[in-house]
Each structure stands twice: as structure tokens, then as C-alpha cells.
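Asker: Each chain, written out:
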Amino acid sequence: MKKSRGGKEFCGFALPGMFCFVAVVIVPFLYGVYLTLTDWNGVSSVKNFVALQNFASVLTDKQFWSSLLLTFKYVIFVVIIVNILAFAIAYLLTRGIKGQNFFRAGFFTPNLIGGLVLGYIWQFVFSRVFVGIGEATGWSLFEVSWLSDPSLAFAALVLVSVWQLSGYMILIYVAGFMGLNQDVLEAASIDGATGWVKLKNIILPLMMSSITICLFLTLSRAFMVYDVNLSLTAGAPYGTTEMAAMHVYEKAFTSRQFGVGQAEALILFVIVAIISGIQVYVTKKQEVEA
Amino acid sequence: MNKTTIGGNKQKAANALAMTGLVIIFIAYMFPFLMVVINSMKEKRDIIKSPFSWLYTIKGLSLDNFVKAFTQMDFPNAFKNSLIVTVSATVLVTLLASMLAYYIVRHNNKFSKIAFALMVASMIIPFQAIMIPLVSIYGGTLNVLNHRITLIFMHTGFSMAMSVFMFHGFIKGNIPIALEEAAYIDGCNSRQIFFKIVFPLLKPIISTMVILNSLAFWNDYLLPSLVLTDKELLTLPLSTYSFYGTYSADYGTIMAGLLLCVIPILILYVVLQKQIIGGVVSGAVK
Amino acid sequence: MKKAILSGVIVIAILAALVAVAVSGCRFGFASNPDDPNEVDTAEPIDTSVDTFQYDPSLEGTSITLLNSKAEIQNALVEMGAEFEKRSGVHVEVMPVTDGDSPYTKVVSLYNSGNPPTMSILDTTDVIALAEEKAADLSGEAWLKEAEGYLTEVNGKVYSFPLCIEGRGIIYNKQVIEETLGESFDPASIRTLDDFVALLDRLVAAGMEEPVSLAMEDWSLGAHHLQYIYETYDGTSAGAAEAIEKIKSGQLDLSTYDRMSQFLDMFDVLMKYNVAKGDPLGADYDEMAIDLVDGKTAFWFNGNWAWPNLEDADAEKDDAYGFLPYFMNNDPDDFVNRQIQASPSKQVMLDGVVATEQQLAAAKEFLNWIVYSEIGQQMLVKTCNIIPPFQNNPYEPSDPLSRDIYNHVHDGAAFNASAIVPNDHWSILGAAMQKYLAQRSDRAELIASIEDYWAQQQ
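Note that the protein sequences, when read in sequence, are chains G, A and W.
So that you can map any letter, position 220 of the first sequence is 220 in this note's numbering, and since no number is skipped, the others follow by simple counting.
Heads up: take any position in the second sequence, counting from 1, add 1000, and you land on this note's numbering.
Heads up: take any position in the third sequence, counting from 1, add 2000, and you land on this note's numbering.
Fair warning: there could be bad hints in the mix.
[Unchecked claim] Covered stretches of chain W, going by a simulated chain G footprint (3 or more residues, C-beta under 8 Å):
1. 2122-2135
2. 2280-2288
3. 2380-2387
These are calculated hints, taken from the structure and not from any lab test.
By construction, the Cβ of each residue, glycine as well, lies at the ideal position given by its N, Cα and C atoms.
Model the full assembly from the supplied sequences, consistent with the hints where possible.
Answerer: Structural data, given as C-alpha cells:
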């Protein structure tokens, strides 16, 4: 790869994609950052520069910080459970078991249900199926709808998110397992590596790039959770399950404090950027190149 | 000898256990989807009163919901719109993202580093935070909303970061540079190297990204709702609007509409699964 | 590879079959009833033979847009637009706001895209937020005098067209009450909170264990229940605004304000007889409609917009459903115990920024057509199933809930007070009400949350 061909390659390979990306994501984002420094309410024709006033208002928005704390808790649960589950399922689905393609199609279905239907179906599960089980067995855990108790509603959110996100991550882990160099695995087997040893010493290091990606995706998606939050609990019971992204949206549009909402979105972005930056840095170090 | 048999038995037992676990988890995963299928054939009252029963419904099962969804959504037209947008955007993003990712992996310069960092960071921007700036720029200033091409462009832009990220990881981990160096010595230029050697090796990740991206484009509601208002251009998810009321929702029709919407994606998934298997890298390298 | 295809085919086979049969429209299963009334198109016929409305021929060919945030009348509005186009030559494109977006967000994004709708159907609070900045002044329109008492003014000017009246209260199922008690039921005989409690006790004694359905949704609790404390200040919108100002400034102490404690007295009664008492926050909205129709309960706190839910639950248009007031004390002469709340809800705002003169004129003609033309009047009531706020509209709504509100309004048994509260009132205080409903907070804590909320509003 000679340096002299760099310019031409840049125009041919990198520029078109980069242009799309910058035009659609970066430019509006920068404009959005500018808007946090004004008192624009989303409607008026005048925008007055107010410097950091919106950020000062964020500091006094208690609800934002408590929703952020809840989001942290949620992210920890979701990221860990999703990745372990998706990794294990993808591993099983690439070992040539009977009907694995049928299974894979089934594990894909959570991706197909979104929006109001997702919320409705799961509300049903928590309010009816679980309560039905509770009536039949007398277990107190299922006595009332999970959605009417703050900590159980939180558990319900985690459960549904795990269901939906892992369906997505399975797909990526499956691709990762498929991309593994079979020669290395065979060689390892011949050398007598089995079970956990093989998994820990051979598969995990080779899968590190998939793990980096999946960790990052689950991390960022869990932080940005909005759809599931809105359609399943919408903050109920009594506002205890309102996560950061939902709060930001409510602030900007329901409470009509556009600048403050936008500033909160920016703060959320910075926090997530730092956390996932660290994660990517750490896991990338573990990756081995083919 | 003895030792290996024990190991073998253990292996078998572990396999059986894993299999049982898998089946249980599988049923749990499928359950909501099965609920949608069953309830899409029932009337609202039966859906609410007895969501799980199939046979013992008061009014029986029918496909009326599907007929209603099909006509109210103007299915053929909405399907055509969704198809054009999804296919164009998917092709575009696959091509541009794989090229950009390839460039970033193979050129360790300042641009690559900044571009990659920017992309990774951008993936965590909440869409709600750029929604209003986006429409002000493309609608208020450039006045290009209400065209399919704008939507395609935006879909491409929004999915660029994640696609590059995925391609980047795959190229770095699975495409040996030795192969390209050999081709370079044989006199191939970089374009030929990419399209003839690298691109075919990307099959598993391409299949994955095509599924993930087309799923996202096909099902997306928020972005198309901001870009398209002309009735003739509405995509499938936009066309289900009439099933939702402020205080009541027509669940049977919504579920039937949902199934009509997702069938094409399911078909795509099944077709591409074959590709994922067909494109295993080790086979291609040999 | 063959295996892969095969297994895939199995997964989609069911679905593909579904679609195939769907197209042929066949029916199978048990106990299906071909005479099901729900299958019949219930839209009432419109008499289009008389049309004395004066259309302005110069507007022919104009194209205008209407943003609709009242999803249940989407199809009806499209029909109405088509009928109007047939007669006036003005094309009305109806754009929906749906699931997930709030109408306000949609309007804001459309204004930012430089392509705002000519007309927008919005909630009153949205209109007030946008009026002076974006809306066309409608103060000189002729229909103002037909809608007297239902107009919303912003600094002395009218910027919006009241589209409908909506009312709320305790919905009763007369037949169920009569069957349970074995005697005839006259809603007018219930005149105080004690009367209401006595009725509930008799129903319980007669075997109906929990006669009340109480929704847990935050919009129901935060807007429809809680706003009674402002609206009953003196039963007018001006009074509600005054009450809010006084709460904000601290002049009105909620812990001693009589309407606050009276409201909670009634709410406590509803809580006590709630069918979902064991798990009040697990209550299912759609199931409440079924419970009321089936007679598991006799009362449901809701508004006339609940009719489609009741109809889905197999209620018939000639069934006897109606509203009881939200009883707040034992004074039979207090208006709150005699009247139900009914006020204009959705408003049509015209764009005054981007729309051309021609479009504005066409939009105004459309509004006039709704108020004055024989066809527009009929379609508003019959096609959209709306209670019209216009005195000159001779048509009556056909479903029992709307008809009952209509009769209350025309008999002077309704009070027209709408409290204009900030847009997040329902969600923030709805959460506080949920906490109270779940008995995780007491009156003092609820009142403190309300006071906190108002203290934060500048």
C-alpha cells in the first residue's frame, strides 16, 4: 500500500460514504449543539443567544439526573445479560445442530415486532400471563402485574430489552462465529483443546472483534432506550421507570423546553461517548488480527 | 481410553442439556410473535378477553383483519414505496460503507483515525436530538423533503456509522492482508483488489448488514414520517396510521398489518441465511 | 444448503398461507356469526340533495393541507375533504399524526421543514402556544357568533376554530343497574356523593362486587380527573385560569382549598369500589369497556370518546349509556353535583406564515362550509361523530354517550370550563395521581407534588 496512491483512493473509497454521513449526521448535530446555546423554543422565528443558561437549567432538573441514574442501572443489567445470552445462543447455533436454521429464523423474530404492538403484547404477558400464573401457583412474585410495581416494572423493561436486543446481537455473533477460521479450530481440537479451554483460549480471543461490536451496540442502544420504554411502561408506575432518553424527549416536546431538552441530550451523548469510548479502547486491545 | 469415553459422555450430556435449554429459550423468544399471528385472526373483543386461546373464541377466527389491513394500507402502493427506498438505501450503504471501512482499515492515517472516531461517537447521538435540526436544514433551507431520494440519502447517512463500524471489525479480523499484497504484486490496482478479492470475502458480514439495515429501513417510522408527507410516497409503516386511535387501537388490524409488513423481511432473512453459510471465509481462502 | 431453504420455507409457510387466504377472503373457525353488527358499516347516510352554500369559484384548483391529530376521525375527514373538493374544487389533503409523535412535535417539525399544514387540528394548549407566532387571525370570521361560549381567545383575538365538544363524567350502564337492583334507575335521582355511595353499596349488596372501572392511564388521572380541581373553581374557563393563577402565586392553599379535598373524596370513593382494587395500576383500559358492557361493572369514569371502545365491546347504539356528574360533596344545589363537564377540545388553527392568500381563503371557506353548509353540518355530526359547538347545527350525534353530552349541553346541565394547563401537566401530575391510586402516597404528598409542579412554572 503505497502512500502515493492515497489521494486517489481517498476520493474513490472514502469520500462518498463520508459525505453522506457528514451531511446527514454531523451537520445537523452541530446545528443542534448551536441551538442549545439559544433560547429557541422550536417554533419562534427569533433565536437569542443565551450562552450556557440551558445547561444551568439542566443542573436543576432533578428528574433528569434520577432518570440518568436509573438508566445506568438498566444498562448494566441489559449489557451483561444480552451479551452472555446472545453469545451462548449464537455458539450453539453454529455448531451444526439439527434444525439450526429454523432456530435462527425464530431467534430473529423479536426484531420484527416494534412500536405499539411490542408494548401491547408484552403488557399482556406481564398483566395477564404472569398474573394467571400467580393465581394458579400462589407465587407472590406473580400476584400483581409487574407493570404496577416500580422494581418489577424495571425488571420487565430489562426483560423485554434483553429479548429484543439479543435477537439482534445473535445475528452479529453468528456472523462472527461463521467468520472464524475453521483451520485454527481444527488445529486446536487436534491439539486436545476441548470445552472451556477451547472457548477461553481460542474462541474468545478470535471473537473479540464481534464482542467489541456487540458490547458497543448494546451499550449505546441501552443508553438510548426509548421505544421500549415508551410503549411498555411510558414511565409508569408513577414516573419511576422514565429513562434518560425518554426524559429528554418529554422535556423538549411535552414540557416545551426545547433548549433544555437539547442540552440534556448533549450531556447524555457526552456521558455515553466517554463510557463506550473506554469500552471500545479496552476491548479493541484484546483483539487479534487474522 | 476410559478417560475419553467419560469425556464423550459428558460431552453428550452437556449437548443434551444445551439443546433443552435452547428449545426453552427458543419458545420464549417466539412467543410474542406467535401471539401476533394468533391474534391477528381474531376480533378485538376476543383479543382482549382471551388473547391466548385460538379455538375457543366467541366470534371465531377470520382473515377479515388481513383484508381490512390490506385495503386500508393501500398495500401494493406502500409496498412499492418501501421496496424502492429499502433496496436503494441498502445497496448504497453496503457499497459505500464497505469501501469506506476498507479504506480506514488499510490506511492508518489521520483521516482514518478521525473519521472512525467520529463515526463511533455519532452512533450514540440520540435521534431525537437531531430530528428538528435535520428538518430545518433539509426542509427549511434546502427544501428537498418529500422526495424518495432524500429519504434514501438520509437512511444511507444514518446507517453509515454502524455499517462502517461492522465492516471495519470484520475486515480487520478476517481479511488477511497477505492476499492483497500478492494481488498487488500481480499487478491489480486497488479497485480490482477491493471488488475482486476483498468484497467477495465480506459475504458473511454483508449478509448480516443487509439484513440489519434493510430491517431498519423497512420498519422505520420516525425518519420517513419527517421526510414524507405526500400520500403517494408513504411507506408501509406510515400507512398503518389509521389503525391507531387516540383512545383506542384496532389491535386485530394492527397485528395483521404488522404481519403483512414483516413477511418480506422474513423472506429476505431466510434467503440470506444461506449466503451467510455459503460465504464462510475459510472455504474461500483454501 | 437445501436444508437451509427448507427450514426457512417452513417458517414463512404459515404466513404465506395467511396472505393467500386473506386475499380470497375466506372465513373459518367456530361460532362465527355472519350477522355480527360490527361487520356492517355503521356510517350514517348523508343527505346531499340540498346544498345552498355559496362556493367561491375563484378558489377552484387550490390545494390545502389539514393536519389531523384526532386519529379516530381520520377516515371521516378524508371523506369530508373529498366531498368538499367535489363541490368547491379545493383539494384538501388530510395528514395524520399518529402513534408516538405528539401533535405539537409534528407541527413543530413541519414548521421547521418550511412546509406547515394550512390547517392543523390541535389541542387548545397547543393552539395557545403557537397562536401569536404562527396562526392566522380568525377574529373576523362569521362563524364566531355560532360558537359563542366555545371560543378560545389569546390576548383578545381568536386564532382557532372549535371543532368539537367533548364531555366527561361517570359513564353508567343503565340496563345493568336495573337488572342488578331489579328496579328502574333514574340518573337524575342521584344528586350527591352520599346518594352515589348508597347506590354503589346497593349494587354491592345485590351481588356486583366492585361496580366501578377506574383507568390508571396518566392522561386519565392527570388530565381528566385532577383538572376538576381547577374547572370546578366556579365552573367557567376564566375561573379555572384564576384558580391556577392563585395556586401559582400561593394565594390558594391546596391543603385548605375545598375543591381539592372534595375532589379527593370522590376519587377515594371510586378507588374503594374499583374493580381492579387489588392491583389498581394493572388495570387494562380495553377490558374496562368490556366489563361495563358485560355488566361486570356499572360505572366507568371516562368521556364520550370512549364510545368506539364500547362499540368494540359489542354495545349497541340504542343501549342506554349516559353520564353521571363527578359528585364532589353532599350539597344537591352545588353545580358540580348537577352538571357534567363539557367543553371544546380539539381546535383548528390556520397557518398565518407560509400559506398564500388563496390557500388561506380556501381554508376559511372549508371552515365556513363545516358550519353553514347542509352537507358540512351533517358530515361533522354523522361522519365524524362529533358533538358540534355550533348553535346553528341541527343534527344530533347518534351514539348514546355523545347524545347524552349533547342533551346535557342543550338542557343547561353541563358546565363549560376548560383549564388551560402546561402541556406536561398530565404526565407529571398523572404520575403523582398514580402513586396516590396505588396507595403509595397520601393526600399531603399528592398536594405537595401539585404545589411543587406549579411552583416550577414561571
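Asker: Hint by hint, note whether the structure agrees.
Answerer: Against the structure, the hints come out as follows:
no., hint, verdict
1, 2122-2135, "holds (count 4)"
2, 2280-2288, "holds (count 4)"
3, 2380-2387, "violated (count 0)"
Violated hint: 3 only; the structure is consistent with all others.
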